[in-house]
Amino acid sequence: MPDDGGDRAKSVDTGRGIPRSKVGNILHSDPNMSSTIHDNDDFSIRNSSASAVAPGSFDSNRLSCEGSPMTMSPWNNTTSSNKSPWNPFDENLSQNGLIGSLVREEGHIYSLAATKDLLYTGSDSKNIRVWKNLKEFSGFKSSSGLVKAIIILGEKIFTGHQDGKIRVWKVSPKNPSVHKRSGTLPTLKDIFKSSIKPSNYIQVRNHRTALWIKHSDAVSCLSFNEDNTLLYSASWDRSFKVWRISDSKCLGSVSAHDDAVNSIVASSEAMVFTGSADGTVKVWKREQHGKTTKHNMLQTLLKQECAVTALAVNPSGSVLYCGSSDGVVNFWEREKQLAHGGVLKGHKLAVLCLAAAGNLLFSGSADKSICVWRREGSIHMCLSVLTGHTGPVKCLAVEEDREQSKDGDQRWVVYSGSLDKSIKVWSVSELAPDVNQMAVMPQQQMPDEEPAPSDGIDGAGGNI
Numbered sequence: 001m002p003d004d005g006g007d008r009a010k011s012v013d014t015g016r017g018i019p020r021s022k023v024g025n026i027l028h029s030d031p032n033m034s035s036t037i038h039d040n041d042d043f044s045i046r047n048s049s050a051s052a053v054a055p056g057s058f059d060s061n062r063l064s065c066e067g068s069p070m071t072m073s074p075w076n077n078t079t080s081s082n083k084s085p086w087n088p089f090d091e092n093l094s095q096n097g098l099i100g101s102l103v104r105e106e107g108h109i110y111s112l113a114a115t116k117d118l119l120y121t122g123s124d125s126k127n128i129r130v131w132k133n134l135k136e137f138s139g140f141k142s143s144s145g146l147v148k149a150i151i152i153l154g155e156k157i158f159t160g161h162q163d164g165k166i167r168v169w170k171v172s173p174k175n176p177s178v179h180k181r182s183g184t185l186p187t188l189k190d191i192f193k194s195s196i197k198p199s200n201y202i203q204v205r206n207h208r209t210a211l212w213i214k215h216s217d218a219v220s221c222l223s224f225n226e227d228n229t230l231l232y233s234a235s236w237d238r239s240f241k242v243w244r245i246s247d248s249k250c251l252g253s254v255s256a257h258d259d260a261v262n263s264i265v266a267s268s269e270a271m272v273f274t275g276s277a278d279g280t281v282k283v284w285k286r287e288q289h290g291k292t293t294k295h296n297m298l299q300t301l302l303k304q305e306c307a308v309t310a311l312a313v314n315p316s317g318s319v320l321y322c323g324s325s326d327g328v329v330n331f332w333e334r335e336k337q338l339a340h341g342g343v344l345k346g347h348k349l350a351v352l353c354l355a356a357a358g359n360l361l362f363s364g365s366a367d368k369s370i371c372v373w374r375r376e377g378s379i380h381m382c383l384s385v386l387t388g389h390t391g392p393v394k395c396l397a398v399e400e401d402r403e404q405s406k407d408g409d410q411r412w413v414v415y416s417g418s419l420d421k422s423i424k425v426w427s428v429s430e431l432a433p434d435v436n437q438m439a440v441m442p443q444q445q446m447p448d449e450e451p452a453p454s455d456g457i458d459g460a461g462g463n464i
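First residue of the sequence shown: 1, per the UniProt record's numbering; consecutive thereafter.
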């Protein structure tokens, strides 16, 4: 059985009192932040607004993005490429610009997920809001605490919470605006069966014991495996667990790190990547031994003093990105046996979330900005910096834009959630920025020393 224990590392100061945590689609929480919690279960749109904002609202003077082939970047999680029906795109807009803002004054935004024509957002108000065409469409309330992670599979919505629970919700087949809770992971039946055997209890923090199938601290990130048959959950309890979606059974629990696990990404070929507040990124291989599912650690890709806060894998699965509390994004290339590819430097404060789509990587930061990176081979260029949030950017999701420009340009709709209590919707192009933007861009990648992989942990980090 796995063995969890120990206190979470201290928070890292990002310059705004925001504790550093992991994220990814990831999706994290800030325990040191005070916020007003509204228990009103009223889902009217009286406090909702969708305001169009002039495009090109980013400051080109902030494009101070350096890069080096030595450092790297969840869910968060690789985002799906569903075509988005959020279509208010005007061809007269600049290549990268703001479409609109979604605001409901009830809580800081910690998680979001987009699917088809709907956007789901989670906050510290315990409410999950559903948006459609830039307007509030529906919502449902959880009694399970701050919503740190949201992930969607068909008609099922999985949410990870601050209190360590994973909730499962279902969309009503008769009314798509109605969502009902269909279960909890682990199920009450499995909890009862496991509680009978003393061997199913493990030691956790503060000399307590808990069932190995339950998380004993906040669930920070959720991820599906390649064929969507397994759900992975990462937690501040230093472990990750794997669940079989068909019957909600917990197949295994791994005591993975020396501190909070801030992000997890399940990728192709049964590979699983985890990032932690202990400053490490680890690679795991899932293996099946009869009816037993095991995860063997293959290597430690990164060891550093600052916390790893977010992981993401590009859609083809060839590049792994890692965001850290020092504001940089590292990346590794799977085609080169996970050789370290470089470091992307575009933020002044901690990177809090990552999302990958097409040839683009999006990094959200405590500095309130979103960097848009385009990859060509092993080289990454910062195309633009999206600004407009007045608080740290906590979560990101990306969908393919239904409108394609005549020259074949690939466009994406990007959703960003922030601690300023707003969600912003952006239109982003994969084409290079205008000439006047290029003029202010410094070189993106420069030689650097590769971080030494290690199985040991020296530094302390923070939880997201």
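Watch out, some of these pointers could steer you wrong.
Unchecked claim - When the alpha-carbon atoms are kept at most 20 Å apart in a straight line, the in silico PhoX-like pairs for lysine-lysine are as follows: (1) Lys303 - Lys291; (2) Lys156 - Lys249; (3) Lys141 - Lys165; (4) Lys249 - Lys291; (5) Lys249 - Lys170; (6) Lys285 - Lys336; (7) Lys174 - Lys197; (8) Lys180 - Lys156; (9) Lys421 - Lys141; (10) Lys132 - Lys116.
If you're looking for bench data, these hints aren't it; they were derived computationally from the structure.
Evaluation of the provided hints:
no., hint, verdict
1, Lys303 - Lys291, "violated, 34 Å"
2, Lys156 - Lys249, "holds, 16 Å"
3, Lys141 - Lys165, "holds, 14 Å"
4, Lys249 - Lys291, "holds, 12 Å"
5, Lys249 - Lys170, "holds, 18 Å"
6, Lys285 - Lys336, "holds, 17 Å"
7, Lys174 - Lys197, "violated, 42 Å"
8, Lys180 - Lys156, "holds, 10 Å"
9, Lys421 - Lys141, "holds, 17 Å"
10, Lys132 - Lys116, "holds, 10 Å"
Hint compliance for this structure: hints 1, 7 are not met, and every other hint is.
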